[in-house]
Amino acid sequence: MFQAAKSLDDALAAVTDGCMVVVPREVSGVPMAATRALIRRGVKRLHLVALPTSSLQADLLIGAACVATLETSAVSLGEFGPAPRFAAAVTSGAIKMMDATCPALHAALQAAEKGVPFMPLRGLIGSDVLKYRDDWKVIDSPFGNCDPIVLLPAMKPDVALLHAPMADRFGNVWIGRQRELATMAHAADRTVVTVEKIHDGNLLDDPVLAAGTLPGFYVESVAVAERGAWPLPLPDHYAADAEHLAEYARMAATAEGFAEYLDRYVYERRAA
Amino acid sequence: MSMNAAPLEFRSEELLADVIARLIGDVRHVAVGNASPIPATAALLARERGKGRPYVSLLGSPKNTFWTDGARELFDCAGQGRIDVFFLSGGQIDGQGNVNLVSTGDYEHPKVRFPGSFGSAYLYYVVPKVILFRVEHSRRTLVPHVDFISAPGVSEQNVFRPGGPIALVTNRCLFSFAGGRFTLASVHPGHTVEEVIENTGFDFDRLATVPETPAPSPATLALLRETAAPQLAEVYPQFARQVFGVGQAALSS
Numbered sequence: 001m002f003q004a005a006k007s008l009d010d011a012l013a014a015v016t017d018g019c020m021v022v023v024p025r026e027v028s029g030v031p032m033a034a035t036r037a038l039i040r041r042g043v044k045r046l047h048l049v050a051l052p053t054s055s056l057q058a059d060l061l062i063g064a065a066c067v068a069t070l071e072t073s074a075v076s077l078g079e080f081g082p083a084p085r086f087a088a089a090v091t092s093g094a095i096k097m098m099d100a101t102c103p104a105l106h107a108a109l110q111a112a113e114k115g116v117p118f119m120p121l122r123g124l125i126g127s128d129v130l131k132y133r134d135d136w137k138v139i140d141s142p143f144g145n146c147d148p149i150v151l152l153p154a155m156k157p158d159v160a161l162l163h164a165p166m167a168d169r170f171g172n173v174w175i176g177r178q179r180e181l182a183t184m185a186h187a188a189d190r191t192v193v194t195v196e197k198i199h200d201g202n203l204l205d206d207p208v209l210a211a212g213t214l215p216g217f218y219v220e221s222v223a224v225a226e227r228g229a230w231p232l233p234l235p236d237h238y239a240a241d242a243e244h245l246a247e248y249a250r251m252a253a254t255a256e257g258f259a260e261y262l263d264r265y266v267y268e269r270r271a272a
Numbered sequence: 001m002s003m004n005a006a007p008l009e010f011r012s013e014e015l016l017a018d019v020i021a022r023l024i025g026d027v028r029h030v031a032v033g034n035a036s037p038i039p040a041t042a043a044l045l046a047r048e049r050g051k052g053r054p055y056v057s058l059l060g061s062p063k064n065t066f067w068t069d070g071a072r073e074l075f076d077c078a079g080q081g082r083i084d085v086f087f088l089s090g091g092q093i094d095g096q097g098n099v100n101l102v103s104t105g106d107y108e109h110p111k112v113r114f115p116g117s118f119g120s121a122y123l124y125y126v127v128p129k130v131i132l133f134r135v136e137h138s139r140r141t142l143v144p145h146v147d148f149i150s151a152p153g154v155s156e157q158n159v160f161r162p163g164g165p166i167a168l169v170t171n172r173c174l175f176s177f178a179g180g181r182f183t184l185a186s187v188h189p190g191h192t193v194e195e196v197i198e199n200t201g202f203d204f205d206r207l208a209t210v211p212e213t214p215a216p217s218p219a220t221l222a223l224l225r226e227t228a229a230p231q232l233a234e235v236y237p238q239f240a241r242q243v244f245g246v247g248q249a250a251l252s253s
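Each protein sequence line maps, in turn, to chains A and B.
Just so we're aligned, residue 1 is where the first sequence starts under the numbering used here, counting upward by one.
Just so we're aligned, residue 1 is where the second sequence starts under the numbering used here, counting upward by one.
Worth double-checking, as some hints may not be accurate.
[What the hints assert, rightly or not] Straight-line alpha carbon distances no greater than 25 Å define the calculated SDA-like cross-link-like pairs of lysine to any residue that follow:
#1 A:K197 <-> A:A68
#2 B:K111 <-> A:A68
#3 B:K63 <-> B:A233
#4 A:K131 <-> B:P144
#5 B:K63 <-> A:E243
#6 A:K96 <-> B:T104
[Unchecked claim] Simulated coverage check for chain B against chain A, where a stretch passes if three residues somewhere in it have a Cβ under 8 Å from a Cβ of chain A:
#7 123 to 131
#8 174 to 186
It is worth saying that the hints were derived from the structure and are not from the lab.
Keep in mind the model is a prediction, meaning the values are calculated, not measured.
Just so it is clear, CB atoms sit at the ideal spot from N, CA and C, and this is done for glycine as well.
The following block holds chain B by itself, in its conformation from the complex (with noise of 0.2 Å):
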C-alpha cells in the first residue's frame, strides 16, 4: 500500500471474493453449491471481469443454472470434466485437506452431527480446481486430522482422480494445497502469520517471509458493489442486503 494514497475502505467478504476470484482463474466454468454467498460473489467477479467467461451456475439459482436434466446433471456435467472450479467446506478440515460434513466423535455415536456429505464424496475427486472456504478459522474447524472423512484431500495413485483441492480460503489467510500438504501463501491484512499459527491445528509449510494479500483494488471494489452484488441479490437477498446494502431488483411476475 502506497504511503500517500488513504487506506481503502472494505469489508472481508469483498476481500475473500476478490482472493477467490483470482484463485478462479481463467476458466470455462465455475459452480457454486448452495448456502455459499461469498464464492457466489467471487463466482460472480470471475465473471464480470473475464466479460462473462467463465460461465457460472450457483445451484438454487434458476437465473443461473442450465440443468433441464435434473439434479443428477450438475453431477454428470463434472464426472466429464466440463465443471472446472467447485467450492466445498466442512465442519472439519485437516492438513491432508480432508474435509468432514458429518459428524465429530466417533461415526455410531456422534457428538455433533452436521447436514452430510453433499456432493462432496464425488465432486471433490472430479473437478480440477476445489477450492475449500472456511471463515472460521480455529482449532475447532482447522484439525490434525478430521473425525470422518466426507472426502479425502488426496487418494491413492491408481484412483481416478482428475480433481481434488488447490486452496483453501479462512477469514485469517490464505493456503495453497500441492503434494498433500497446505502452504500458507498470503495472511489477510490485519493479521498475522503468529495469529494463523496459533488458530490452526494442523502443520502447515510456509516460507521465511509470508507475503500480505493485496487489498481488493478500487476497481475490484466498483465491480462487487455496483456489478456483482445486484446479480447476487437474486439467490442471497440476506447477504446482499447485509453486506453490500442493495436489495433484489425488481420481479417481473
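Only chain A is shown next, with the shape it has when bound in the complex (with noise of 0.2 Å):
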C-alpha cells in the first residue's frame, strides 16, 4: 500500500539488487533523478526493462556496472548518435541481452497485467529475434487451421520505475495519455514513482484528471523531484535538453569520458 516517502532513497528502497525493474522510453516520463540516486547508491545486477526502447536511462545505468540483464527491443541516443556504454556492454559480453521487439514488451506486460499466463502476438516467425529467445513459444493456433503464432509468457517486474507531472497526497499519480505507465504498474509488484509537484486535493475527485489517474492502489511510494527527468524530456512540461545529451554522446563515447561524466553529473563530485 502506498506510503508518503520521506526522500528520494527512501523510495528507492524497493529497488534492490538482483530485482527485475521495468521503465518507459524516453518521451514517457524517464525517472532520471531515481536513475542518478540508484547508481550513487550502487544497485548492481539488476534486471532492467525497458518498454520497449530506452535512451540515456539504460545507457548510464549499464555503463555504472548496475545491469546484469537487458530486455528491450532498441537502445539509442537518437539524434545524439548510438548509445555507447550500451554497445560497448553487449559487443564485451558484459551484459546479458535479451532483445525484444516493441508489441512484444507492451503485450507479455498486459498479461501480467490480466493475470494471464502468456499472450499471442503476430509477426515474429522466421525472425533471429524469435530464435534466441528460449522463454517465447510457437502454437498452431487452436482457433485457427495451420496457423502458427508466438506466445510471450506474461512479465511480473519486481519494481516499475517511473516519473510523471503529479501525484496526491493519497498516492495517485497523474500520468495523462502515457498510458503504458499504468501498464507497467498494474503488472509489477511494486511501483515507485517520482514526481514534479505534489497536487493539492485527490485527483480522482476530478473527472477529468482522473481518467489520466493511476490510482495509488497501485504505487508503493511517490517521492518529489523537480526536473526529475532531466535532461530527458517530460512531455508537455519540459523538452530534453540537447546540449547536454550532446555533452554525454561525447563524453560517453570512451570510457575514461564516461567516467568523468558520472564524477561530474551522477556523484556531483567537483573536479580538483
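Make the complex out of the two chains shown on their own, each in a separate frame, by following the hints.
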C-alpha cells in the first residue's frame, strides 16, 4: 500500500540488487533523478526492462555496472547517435542481452496485468529475435487452421519505476495520456514514482483528471523530484536538454569520458 | 527533361521524398517511426497532395499523433490493419528483403552492435506497404545475407502475413520488391546502373533499359519547401533547417 516517501532514496528502497525493474521509453517520463540516485547507491545486477526502448537511462545504468540483464527492443541516443556504453557492454559480453520487439514487451506486461500466463502476438516467426528467445514459444492457433502464432509469457517485474507530472497525498499519480505507465504499474509487484509536484486534493475527485490517473492502490511510494526527467524531456512540461545530451554522447564515447561524466553529473564530485 | 528548360535545382533529400511520396500512393494512414526525417517529409508531401489524406502519424510529434492509449496503440492499430504504410531501415538489408537492426558478426559475440529491432519484427508482417529506406547504398549496407534477421522479407505460406516490403529507396536508386527479390526500378539522376551494380552486395533483377528516376516537379518542390518543411520543423528542427532552411514556427507557450 501507498506510503509517502521521506526522500528519494527512501522511495527507491524497493529497487534491490538483482531485482527486475521496468522503466518507460524516453517520451513517457523517464525517472532520471531516481536513476542517478540508484547509481550513487551502487545498485547491482538489475534485470532492466525498457518498455519498449531506452536512451540515456539504460546507457547510464549499464555504464555504471548496475545491470546484469537488459530486456528491450532498442537502445539509442536518437539524434545524438548510438548509445555508447550499451554497445560496448553488448560487444564485450558484460551484460546479458534479451532482444525483443516493441509490441512483445507491451503484450507480455498486458498478460501480467490480466493475470493470465501468456499473450499471443503476430509477427516474429522466422526472425532471429524469436530464435534467440528460448522463453517465447510458437503454437498452432487452436482457433485456426495451420496458423502458427507466438506466445509470450507474462512479465511480472518486481518494480515499475517512473516519473510523472504530479501525484496527490493519497498516492494517486497523474500520468495523462502515457498509458503504458499504467500497464507497467498494473503488471509490477511494486511501483515507485517520482513526480514534479504534489497536487492539493484528490486526483480521483475530478473526472477529467481521474481519466489520466494511476490510482494509488497500485503505488508503493512517491517522492518529489523537480525536473526529475532531466536531461530527458517530460512531455507537455519540458523539452530535452539537447546541449547536455550532446555532451553526454561525446563523453560516454570512451570509458574514461564516461567515468568523468559520472563524477561530474551523478556523483557530483567537484573537479580537482 | 526537355532540352530547352534549365535543369531544376533540387537536393537529393527532395528527390527521395518525392520518390517515397509516390510509393505511398492513395492510402488511409501512413505512420513514420523515430529518426526518419526523409520518410516524414514524404508523408507530409503525400498529405498535402491528397488534401489531408492520408492521415499521417509521426512518432515523436505530439501534433502529428493521436495516440491516447499508450505506446501499444500504434502496434494494436497496425495489427488490425489500420496502418497502411510504414518505413523500416537496417544496418544491413539483404537481397531477400531481410533487415538487420541488431548486430554484425555472431549474435552472441557481435562485432558491431546496432540499437535493436524496435517494432520491425512485428510491423514488417502486418503493415501492407513497408518501404525500406537506407540512404547509404554500399556493399556494407546492402549485403548478400544479413548477419541477424530482425525481420524477414518473406515468410512461409502458412505464416499470417498481410504485410511486407514493397520497395527499397537509397541515395542511388529505387528497387521494387516482389516474389522475394528486388528489381532495379529506376536510377536517380546523376547515378548509373553500373554504379548501382558495383555498390550492391546482393543480386537483383533489372530490365535491359532502366529508367531514370524523375526529378521533382516545380510544383512538388514548392509544396515541399513552402508547406511540408515548416510542419517538419516541429519534429526534425535540425533537418528542416539544414535541408530547407526553415526554423520552427513560433511556439505558443
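So, going through the hints one by one against the coordinates:
no. : hint              : verdict
1   : A:K197 <-> A:A68  : violated (33 Å)
2   : B:K111 <-> A:A68  : holds (20 Å)
3   : B:K63 <-> B:A233  : holds (12 Å)
4   : A:K131 <-> B:P144 : holds (21 Å)
5   : B:K63 <-> A:E243  : holds (24 Å)
6   : A:K96 <-> B:T104  : holds (17 Å)
7   : 123 to 131        : holds (count 4)
8   : 174 to 186        : violated (count 0)
Checked against the numbered hints listed earlier, the structure breaks hints 1, 8; every other hint is satisfied.
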